[in-house]
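Participant: Here is how the chains run, residue by residue.
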Amino acid sequence: MLSAKPSRFWLNASARIFIPALISIVLFTATIFLYLIPAFEENMMTRKREMIRELTRSVITLIEQLEARVQRGELSIDEAQMEAVRQTAGLRYGPEGKDYFWINDEQPRLIAHPYRPDLIGNDMDDYADPTGKRIFVEFARVVRERGGGYVDYMWQWKDDSDHIVPKLSYVEGFAPWSWIVGTGIYIEDVRAEIEILTRRMSLVCLTILGFIVALLASVTWQGARAEQERLRGLEQIRLREAELAHVTRRALLNELATGLAHELNQPLCAILGCGELSLRQVRAGRATDPETFEALQEVVSQAERAGEIIRRMRNFAARKPTERTVCRIRELVEESLGLVESQARRMSVELQPRFDPQNPEICVDPIQIQQVLVNLAKNAFDAMEQNDPRDRTLTIATRVVEDFVDISLRDNGPGIPADQLDKIFSPFFTTKKDGLGIGLSLSRSLIEAHDGRLRVTPNHDRGMLIVISLPLYRKTA
Amino acid sequence: MDIEPTVYVVDDDEAVRKTLRLLLQSVHIAVKTYGSAGEFLDEFDPTTPGCIVLDVRMPGMSGMELQEKLIADGVKTPVIIVTGHGDVPMAVKAVQRGALDFIEKPFREQQLLDRIKQALQKDAQIRHGEEKTVRLRQRLESLTPREREVLDLVVSGKNTKQIAALFGVSVQAVAAHRERLMRKMGVESVAELVAKMLEVREN
Numbered sequence: 001m002l003s004a005k006p007s008r009f010w011l012n013a014s015a016r017i018f019i020p021a022l023i024s025i026v027l028f029t030a031t032i033f034l035y036l037i038p039a040f041e042e043n044m045m046t047r048k049r050e051m052i053r054e055l056t057r058s059v060i061t062l063i064e065q066l067e068a069r070v071q072r073g074e075l076s077i078d079e080a081q082m083e084a085v086r087q088t089a090g091l092r093y094g095p096e097g098k099d100y101f102w103i104n105d106e107q108p109r110l111i112a113h114p115y116r117p118d119l120i121g122n123d124m125d126d127y128a129d130p131t132g133k134r135i136f137v138e139f140a141r142v143v144r145e146r147g148g149g150y151v152d153y154m155w156q157w158k159d160d161s162d163h164i165v166p167k168l169s170y171v172e173g174f175a176p177w178s179w180i181v182g183t184g185i186y187i188e189d190v191r192a193e194i195e196i197l198t199r200r201m202s203l204v205c206l207t208i209l210g211f212i213v214a215l216l217a218s219v220t221w222q223g224a225r226a227e228q229e230r231l232r233g234l235e236q237i238r239l240r241e242a243e244l245a246h247v248t249r250r251a252l253l254n255e256l257a258t259g260l261a262h263e264l265n266q267p268l269c270a271i272l273g274c275g276e277l278s279l280r281q282v283r284a285g286r287a288t289d290p291e292t293f294e295a296l297q298e299v300v301s302q303a304e305r306a307g308e309i310i311r312r313m314r315n316f317a318a319r320k321p322t323e324r325t326v327c328r329i330r331e332l333v334e335e336s337l338g339l340v341e342s343q344a345r346r347m348s349v350e351l352q353p354r355f356d357p358q359n360p361e362i363c364v365d366p367i368q369i370q371q372v373l374v375n376l377a378k379n380a381f382d383a384m385e386q387n388d389p390r391d392r393t394l395t396i397a398t399r400v401v402e403d404f405v406d407i408s409l410r411d412n413g414p415g416i417p418a419d420q421l422d423k424i425f426s427p428f429f430t431t432k433k434d435g436l437g438i439g440l441s442l443s444r445s446l447i448e449a450h451d452g453r454l455r456v457t458p459n460h461d462r463g464m465l466i467v468i469s470l471p472l473y474r475k476t477a
Numbered sequence: 001m002d003i004e005p006t007v008y009v010v011d012d013d014e015a016v017r018k019t020l021r022l023l024l025q026s027v028h029i030a031v032k033t034y035g036s037a038g039e040f041l042d043e044f045d046p047t048t049p050g051c052i053v054l055d056v057r058m059p060g061m062s063g064m065e066l067q068e069k070l071i072a073d074g075v076k077t078p079v080i081i082v083t084g085h086g087d088v089p090m091a092v093k094a095v096q097r098g099a100l101d102f103i104e105k106p107f108r109e110q111q112l113l114d115r116i117k118q119a120l121q122k123d124a125q126i127r128h129g130e131e132k133t134v135r136l137r138q139r140l141e142s143l144t145p146r147e148r149e150v151l152d153l154v155v156s157g158k159n160t161k162q163i164a165a166l167f168g169v170s171v172q173a174v175a176a177h178r179e180r181l182m183r184k185m186g187v188e189s190v191a192e193l194v195a196k197m198l199e200v201r202e203n
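Just so you know, the protein sequences line up as chains A and H, in that order. Positions 1 to 477 (the numbering used here) are the ones given, in order, by the first sequence. Positions 1 to 203 (the numbering used here) are the ones given, in order, by the second sequence.
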């Protein structure tokens with residue numbers, strides 16, 4: 001029973017603590033990696049795209065100004081174009097200052113490129129990236145169709161001609177000169193930035209995760225310790241209760257002792273009488289008479305009965321560790337009635353047992369349940385003391401109700417005033433002159449320790465009805 | 001009038017009833033056993049001779065209550081009380097109320113049989129005494145009113161002369177009444193007459 005409880009605790013803890021925590025961590029991580037980072041990447045790409053468009057637009061503006069000067073006659077077209085190439089080739093931006101602009105014309109012939117001077121002046125009609133895209137033809141097409149736009153392709157990494165990477169460029173045409181100006185960003189760049197961000201976020205997540213795990217561990221550990229304390233406390237209460245039960249059981253037995261001695265007198269009386277009779281028969285040579293046989297048989301069965309009475313008493317008085325065993329309800333009730341029978345006779349109480357034909361099994365500490373029944377029966381006897389001796393009946397009935405068996409005790413004493421009904425379970429409450437007021441509260445806690453219930457209600461006519469419900473024993477459980 | 005006396009046993013314990021039945025049967029005493037006072041009262045006929053063996057503690061009507069009821073009903077059948085451990089004060093009370101004796105469980109066979117024989121004897125005596133009383137009453141009723149008056153005065157110690165003076169009649173007349181009433185009562189002397197009248201008054 002005790003080993004089952006910690007595992008239930010862990011089951012509980014995982015249901016209450018681990019699973020919600022796990023779910024929130026998963027949600028948190030998923031939000032970061034599946035939503036926030038992609039959104040950030042998207043946003044960054046958008047900004048970069050805007051940036052290269054704006055940058056290209058400013059170079060176009062520069063060329064427009066040069067063209068304006070040509071229009072005003074300040075420069076010749078060649079001078080203006082040389083100036084444009086010179087200025088554009090010198091423009092740099094980007095984190096390392098290595099991002100650049102290039103110029104080609106619509107033919108397409110490369111006019112300016114800071115890192116590929118080898119290609120300047122070449123017709124780029126056949127120039128394709130490793131995927132087979134004819135890049136400059138594509139630039140010319142975009143400009144021809146829309147005046148400008150984005151193109152992605154593979155290109156060397158900045159000034160490193162051996163390193164070919166994906167690139168996104170914006171190109172815009174300058175119609176008066178049939179030029180196309182472009183600049184691009186490296187998608188790797190964005191990826192690198194995103195990677196840095198991802199790494200940083202991962203670190204943050206891991207830190208938070210570690211923190212949460214530590215927190216959970218501490219909470220769980222404290223919970224486990226509290227649970228252990230609670231179990232130890234419960235165990236102590238159980239021990240105390242068993243102790244109290246034992247002490248009150250001894251007191252109960254003391255009260256029953258006179259009656260039980262009387263009870264023992266009955267078989268002794270029969271044994272003595274039948275024994276003497278048998279002796280006399282034997283002396284008279286009538287040893288084989290049926291009367292002798294009958295008398296001797298009575299001696300044996302009454303000796304057994306006496307032994308049974310003593311066994312029952314000793315059993316009841318024993319200080320045994322509380323121990324659940326599977327037993328039948330009827331035998332349990334009969335054993336308890338056996339303990340109070342003599343008291344009932346002394347007090348002229350008629351015991352009326354009524355057993356459910358179903359005789360189910362229950363898993364209980366039989367001594368404790370007997371104690372409860374003996375105690376309640378004795379209370380009932382005391383309650384009926386004011387009745388006429390011919391009007392003292394205690395009915396004890398068993399009844400199976402769904403998963404429980406009810407044991408009811410119905411007396412026809414004066415009952416308990418309604419205003420005291422809620423007090424009768426409080427410890428030390430008693431209506432008796434010499435009562436301690438432990439019986440009923442102890443009875444209830446013993447029954448509740450068996451996952452049962454003890455209810456007290458007034459009868460509809462008079463007296464009290466006490467019902468004990470105990471769970472039926474399930475073989476699979 | 002020679003009906004065999006019966007021992008009535010009232011005890012709620014079956015083993016005790018059986019033991020008493022076996023014991024009494026073995027000494028050829030008729031026995032009837034009852035598990036409760038109610039069963040006994042249903043069947044008991046006070047005119048049959050015998051005695052009652054009664055357990056003090058019984059559910060329903062106890063032995064004490066049964067004894068009380070028998071006294072109230074004027075039953076004269078002797079009662080022997082059987083008690084268990086610790087019930088002696090109760091038994092003493094029963095004896096004070098008129099029970100013949102009490103006997104404590106567990107008892108020896110001889111003890112019980114002695115008590116029962118005593119009880120049956122007493123019962124026989126009572127029944128014999130009652131018969132005599134009945135016969136005396138019949139005789140008394142056969143007297144004339146004057147004879148009855150004379151008888152009362154004789155028993156109270158008056159002589160013939162005093163009675164004659166009291167009634168204002170002759171001594172001879174009183175002597176004749178006296179002779180007749182002595183004959184009717186079946187006595188020889190005044191002393192015998194006084195004894196008989198005492199017996200009547202007792203019962």
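Calculated directly from the structure, the hints in this document are not laboratory data. In this text, a Cβ means the ideal position worked out from N, Cα and C, and glycines have one as well. Among these hints, one or two may not hold up.
[Stated by the list, open to error] On the chain A side, residues computed to face chain H include the following (Cβ under 8 Å):
1) C274
2) E276
3) T288
4) E291
5) F293
6) E298
7) R345
8) V349
Participant: Closer than 8 Å between Cβ atoms is the bar; does E298/A clear it against chain H? Give me holds or violated.
Facilitator: Hint holds; E298/A Cβ to chain H Cβ min 6 Å, cut 8 Å.
Participant: Report holds or violated for the interface hint on C274/A, using the least CB-CB distance to chain H and a cut-off of 8 Å.
Facilitator: 5 Å, holds
Participant: Can we keep the E291/A interface hint, with Cβ of chain H closer than 8 Å?
Facilitator: 6 Å, holds
Participant: Hint F293/A vs chain H: min CB-CB distance below 8 Å?
Facilitator: With Cβ-Cβ at 11 Å, over 8 Å, it is violated.
Participant: Was the hint right that E276/A lines chain H, CB cutoff 8 Å?
Facilitator: Holds: closest Cβ of chain H sits about 4 Å from E276/A, inside 8 Å.
Participant: May I ask you to test the interface hint for T288/A with respect to chain H, counting a Cβ-Cβ separation under 8 Å as satisfied?
Facilitator: 15 Å, violated
Participant: Taking 8 Å as the limit, does the beta-carbon of V349/A come near enough to a beta-carbon in chain H?
Facilitator: 6 Å, holds
Participant: At a threshold of 8 Å, is the proposed contact between R345/A and chain H supported by beta-carbon distances?
Facilitator: 5 Å, holds
Checked against the numbered hints given earlier, the structure breaks hints 3, 5 and satisfies all the rest.
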